[in-house]
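There are 2 protein chains.
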Amino acid sequence: MKRNARAFGINRRVLLSTAVLLSTPPLLRIASTLAQDASKLLTAWNDGPAKQAITEFVHATTDQSSPKFVQSEERIATFDQDGTLWVEHPMYTQVVYCFERVPAVVAQKPELKDREPYKTVLSGDHEAMAKLSLPDLEEILFATLTGMSVEVFETEARKWIETAKHSRWKRLYTDLTYQPMVELLQYLRANGYRTYIVTGGGQDFVRVYSQKVYGIPPEQVVGTAGGTKYGYDKDGKPFLTKEPKLLLNDNDAGKPEGIHLEIGRRPRAAFGNSTGDRQMLEYTGAGDGARLMMLVLHDDAQREYEYGPARGLPDTKVGTFTQQLYDEAMKDGWTVISMKNDWKRIFAFD
Amino acid sequence: MKRNARAFGINRRVLLSTAVLLSTPPLLRIASTLAQDASKLLTAWNDGPAKQAITEFVHATTDQSSPKFVQSEERIATFDQDGTLWVEHPMYTQVVYCFERVPAVVAQKPELKDREPYKTVLSGDHEAMAKLSLPDLEEILFATLTGMSVEVFETEARKWIETAKHSRWKRLYTDLTYQPMVELLQYLRANGYRTYIVTGGGQDFVRVYSQKVYGIPPEQVVGTAGGTKYGYDKDGKPFLTKEPKLLLNDNDAGKPEGIHLEIGRRPRAAFGNSTGDRQMLEYTGAGDGARLMMLVLHDDAQREYEYGPARGLPDTKVGTFTQQLYDEAMKDGWTVISMKNDWKRIFAFD
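Those protein sequence lines, which keep their order, are chains P and B.
Be aware that the first sequence starts at 270, since it is given in the numbering used here, and climbs by one per residue.
Be aware that the second sequence starts at 270, since it is given in the numbering used here, and climbs by one per residue.
Don't take every hint at face value.
Which copy is meant is left open, because identical chains are indistinguishable; a pair holds if it fits in one copy or across any two.
[Said to hold, decoys possible] DSBU-like mimics (lysine-lysine), calculated; alpha carbons at most 30 Å apart, straight line:
(1) K586 x K498
(2) K600 x K498
(3) K337 x K503
(4) K337 x K378
(5) K337 x K481
(6) K506 x K428
(7) K337 x K506
(8) K503 x K439
(9) K613 x K382
(10) K600 x K506
These are computed hints drawn from the structure, not numbers from a lab.
These numbers were taken from a predicted model, which means no experiment stands behind them.
Let the sequences and hints guide you as you build the complete structure.
Written out as C-alpha cells, the structure reads:
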C-alpha cells in the first residue's frame, strides 16, 4: 500500500484535475488522492513500531480495497492534550494559568487576600502551592475560571496564553507542543480523519488556542466543562456567564461520556499518555474493525521529562502512567510511544 | 447578487473543472461555485419576504466582495426540530415513543403494571394521558429513555422510528418533515454552512435518524442529554449506560448553553418555532455582522395545524408561540415564516 501512495504522489497536480474531470463526486477523489501521499508528513518520527502502527492503520482504513476500509464520516481520532500533545510538567498549563490569575481575582475581592488558599498562592511559594489539597485547588479553579462571561474569560485566557512562558524552556506554552504529534494530527486529517481533542483540561480554555496551535476548531474540542447561565446586560444584550457547576469531568470514565455527549460516535483512533486516558482507549478499542490506540510514555529526561511510574520511571501525580496501564496496553495491543526512541525531534524548535 | 448567482448557474459543469484547473486551493473554489447556484433548491417556497430573507442573507455572507462576508468555518446554522423541521402535533414524536415503550418496560418490571403513571399509559386512554402531571411525564421519560446501554437504546429507537406512524397522515414520522426546511438545510449546506439541530428533544433519540432524514450527522445534533455511566459487560467489554441524570435541558436558556457546550461558536443563523427557541434566536442575533433569525408560524390548519396563541391562533401547550414572542420577532427584525403563505408545499409527498 505504501507503493500505491508513492505512485499517487508522483504528480499530484495532474491527478487533482483528472479526478475532477472524470469522476463524481470529485471532492471525494481529491481527498483520497491527497491522503495517500501524506506519510511524508511524519518527519519527526523515527522508523519503528510506533510510526509503523500509525501508517498501517491509516492505509488499512483509507484504502477502498482494504477489508478494514472506514467510511470518511466515521474517521474520528481523539487526542488527550496534556502530556500527549504538549508538555504537562512540572504542572498542567491551565493550573499555572489559574494560579497566575489569583492576583486579579484578589484585586476584585480584597477580602480574599488573607484567606487560604489565596494567601498561599499569593506568597508565590511553589513548594507550599504544590501541597495544596484538592478542595483548595478546586476553590482556586472555580474562582479563576468561573463567574465571568464567556467572552471576558476568552479575552483573559488568550492574553495569557499569548505571553506566558514555561519555566524551563522560557518559551510560550504553545511552542511546547510535540512536533511528532502535530505531524500526526496533520497526517490523519490529510487522510480524511477528523481530529478531536478530548482533554481533562477546561474545554473553554483549550478552545482559545486549539485552532491556531493544533488546527482543531472549537467544535472539535471536548473537555471538562461547567454550566453557563443565560442573562442580559444593561442594554438588554444576552450573554452567558460561566458557572461554578461541573457538567462534565472529562477525565477517566468522563472521556467516553464526553465523547458520547459531544461527538456521538466511537473514535477509530485514540491517543493518550496517562491513566486518565485508559477508558477512552478501552472504549475506542471495543468497537469493531480497525482501531488504533496509542500511549505516549515520557521516558526522555534529557529532551523533556521522564515519569511513570511504569517501567521503573519516577512516579508523579501529574500525568501518571502506572505499570498497570502499561500491562493493559501490552495485553490489548495498544502501542506505547517511547519519546526517547520513537521521536526524532520533540519540539518544532529542536 | 442574485444576478451573479444565475450567471454562475449557466454552466456549472464547466465552471467546476475550470476552477480546479486554474486555482489553488481548488476545494474552496468548487464549494463557492456550487454555493451560488443553490437557490434553485428552494422550490417548495413561495416568492415572498421569507424566501427573500434567506437568499439575501446567504448571498451577503458568501460573496467574498460583500462587507458581510463570513468565513466558511464560522458558517453555523442551528435548527430546532419539533415544529421547525417536522410535525410536533398532536404530541412530540419522542413522547409518543416513550408512551409506546411503556409495555416493554412493564414486561421487564411487572410490579409497575398497577402503579401510576404506568397504569394510565397502559390504559391507552389518550385523554387521561394528556392530563398526566409533569412529574408523571418525567417518570415515563426516565423509565423509557434510561437504564439501558447506549447501543440497546439506539436499536430500540431505530426499530420504532422505522415503523411507527402518525395518527393523522398514517405515515412514518420521518415522512412528516417540512419540505421547505429540508430544502433550506440543503441550500445552506451548499453554501458552506454547517447545519446543526438544537432540539429540546433527546440528543440520543434524534441522532438515530438525523443523518438519514436531514443529512445531519450525530456530532451536529445538540439536544437534551443525560449522563452516561461507564462499565464492563461479563466479557470485560466496556459500554455506556444511559443514566437518569439530566446534564443539559436543551430548551429555552438551555439552547445557548448547549450551543456553547457542544459547538463553541455563536450561530450565524437560527431557526425555531416556539418560545423554547427564543433565547437561541436572541443569542444568535447578539453577534455582530449579518445574522438570520426565523420562526415558523403554524397558521395552516388545512395542510398542517394552526396554533399560537400569537396572532389569535388557537393556544397550545405543544410548541407554544406567544404573542410576546411574535412582538419580539417584529421588534428585533426576525422573520416569521407563515406556513400558509410562504410554503408552496408542506411535505415531500404533497
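Hint check against the structure, violated hint numbers in rising order: 4, 8, 9
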